[in-house]
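Asks: Sequence:
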Amino acid sequence: MGEVFQQTVEYIDPKEVGLELWSVTVENGLTPKSERYNREFLVKKNDKFKAIHPDEIVYNPMNMTLGSIGFNNSGKNVAVSGYYVTMKLNKGFDSKYFATWLPSPNAINLYKLYATGSLIERQRVQFPTLSGIKTLMPILNEQKQIGLFFKQLDDTIALHQRKIDELKSMKKSMLQKMFV
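Under our numbering, think of the first position of the sequence shown as 1, with each following residue one higher.
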């Protein structure tokens, strides 16, 4: 994997450079910090944050074996915890393919095999460990085709999810009108 990824480390002060604070979750990958999870009061003045640029990847080394990994497809620079590992793809590899493959069950099983730490709950995958993982991957043209297929599938799912949300909202509105 060391041939595929290059670690990035760009420490910043998000307030100073005007970047939103984002986090990485198992469920949603890289996502904006919501007010519910805003723990700014816990942030100490000397806490470090990292910038993550579009098309870069970020993961939580403590939760990598659970799939806590995200791809910055927001189109803008964002700030993440300095504890997270940030990296980018080397030339010759397709970002859409790896955005799909990195959180996949097969990849997660690899992380579990290579994770370090004596207790399962405390195992982690730091970048040197990740870069030492050996795995087979398709050639670039196949990566592009697979990545495009899964991106189209994700877009279709998102479209249907929006439709479901609209129908739920309509149902709620109609129920309110019925019983008022």
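Everything labelled a hint here was simulated from the structure, so no lab data went into it. Just so it is clear, CB atoms sit at the ideal spot from N, CA and C, and this is done for glycine as well. Hints are supplied without guarantee of correctness; some may be wrong.
[As the list claims (entries may be wrong)] Mimicking DSS-like on lysine-lysine, the simulated pairs with C-alpha atoms at most 27 Å apart in a straight line are:
(1) Lys163 with Lys151
(2) Lys91 with Lys134
(3) Lys88 with Lys171
[To be verified] Restraint ranges, calculated between C-beta atoms of paired labels, are given here:
(4) Arg122 with Asn28: 21 to 27 Å
(5) Glu142 with Gly2: 29 to 35 Å
(6) Gln126 with Val180: 56 to 62 Å
(7) Lys172 with Thr116: 47 to 53 Å
(8) Asp155 with Ile133: 28 to 34 Å
(9) Gly75 with Phe149: 18 to 24 Å
Asks: Next step is simple, just say for each hint if it's right about the structure.
Replies: Against the structure, the hints come out as follows:
{"no.": "1", "hint": "Lys163 with Lys151", "result": "18 Å, holds"}
{"no.": "2", "hint": "Lys91 with Lys134", "result": "18 Å, holds"}
{"no.": "3", "hint": "Lys88 with Lys171", "result": "44 Å, violated"}
{"no.": "4", "hint": "Arg122 with Asn28: 21 to 27 Å", "result": "24 Å, holds"}
{"no.": "5", "hint": "Glu142 with Gly2: 29 to 35 Å", "result": "21 Å, violated"}
{"no.": "6", "hint": "Gln126 with Val180: 56 to 62 Å", "result": "57 Å, holds"}
{"no.": "7", "hint": "Lys172 with Thr116: 47 to 53 Å", "result": "49 Å, holds"}
{"no.": "8", "hint": "Asp155 with Ile133: 28 to 34 Å", "result": "30 Å, holds"}
{"no.": "9", "hint": "Gly75 with Phe149: 18 to 24 Å", "result": "22 Å, holds"}
Checked against the numbered hints given earlier, the structure breaks hints 3, 5 and satisfies all the rest.
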